[in-house]
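Enquirer: Sequence:
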Amino acid sequence: MNKYLLRGILLLLTGAAAIYSSDILMENENNLYKIIMALGVILFGMGFLHIIYSFFRKIDRNTILEKRREK
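Per the working numbering, numbering through the sequence shown is continuous, rising by one, with the last residue being 509.
Please note: incorrect hints may appear among the correct ones.
[Said to hold, decoys possible] Restraint ranges, calculated between C-beta atoms of paired labels, are given here:
1) LEU448 <-> LYS472: 19 to 25 Å
2) ILE502 <-> LEU443: 17 to 23 Å
3) GLU508 <-> ALA455: 42 to 48 Å
4) ASN468 <-> ILE497: 40 to 46 Å
5) ILE473 <-> ARG445: 21 to 27 Å
6) ALA455 <-> PHE493: 20 to 26 Å
7) ASN466 <-> THR501: 48 to 54 Å
8) LEU487 <-> TYR458: 16 to 22 Å
9) GLU465 <-> ARG495: 37 to 43 Å
10) GLU504 <-> TYR458: 39 to 45 Å
11) GLU465 <-> TYR491: 30 to 36 Å
12) GLU467 <-> THR501: 49 to 55 Å
What the hints contain is simulated information worked out from the structure, not anything from laboratory work. All residues carry an ideal CB built from backbone N, CA and C; glycine is no exception.
Construct the complete structure from the given sequences, taking the supplied hints into account.
Expert: Right under this line is the structure:
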């Protein structure tokens, strides 16, 4: 597991927790939920992008290793 995949998973979990907590705050009619929900969506999106980036890096690394074996 590379660092980007680990960061992506952590950001996804943190974003999901923030969205869940903001949903609870919204039910209690607390206006702080707007900021927390926006932060949660941003964290979730960054986590998703980190995971996709880790997959691209893995594919790129495998391609480079394969080209080196051919030489």
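Enquirer: Run every hint past the structure and note whether it holds.
Expert: Okay, the hints, checked on the actual structure:
1. LEU448 <-> LYS472: 19 to 25 Å: For LYS472 against LEU448, whose Cβ atoms are near 24 Å apart, the range 19 to 25 Å holds.
2. ILE502 <-> LEU443: 17 to 23 Å: With a Cβ separation near 18 Å, ILE502 and LEU443 satisfy 17 to 23 Å, so the hint holds.
3. GLU508 <-> ALA455: 42 to 48 Å: Given range 42 to 48 Å: holds, Cβ gap about 46 Å.
4. ASN468 <-> ILE497: 40 to 46 Å: 44 Å, holds
5. ILE473 <-> ARG445: 21 to 27 Å: 23 Å, holds
6. ALA455 <-> PHE493: 20 to 26 Å: Cβ of ALA455 to Cβ of PHE493: about 24 Å, so the range 20 to 26 Å holds.
7. ASN466 <-> THR501: 48 to 54 Å: Because 51 Å falls inside the window, the suggested range holds.
8. LEU487 <-> TYR458: 16 to 22 Å: Holds: the Cβ-Cβ distance is about 21 Å, inside 16 to 22 Å.
9. GLU465 <-> ARG495: 37 to 43 Å: Check passed, 40 Å falls within 37 to 43 Å.
10. GLU504 <-> TYR458: 39 to 45 Å: 42 Å, holds
11. GLU465 <-> TYR491: 30 to 36 Å: 35 Å, holds
12. GLU467 <-> THR501: 49 to 55 Å: 53 Å, holds
Against the hints set out earlier in the document, no violation occurs for any number.
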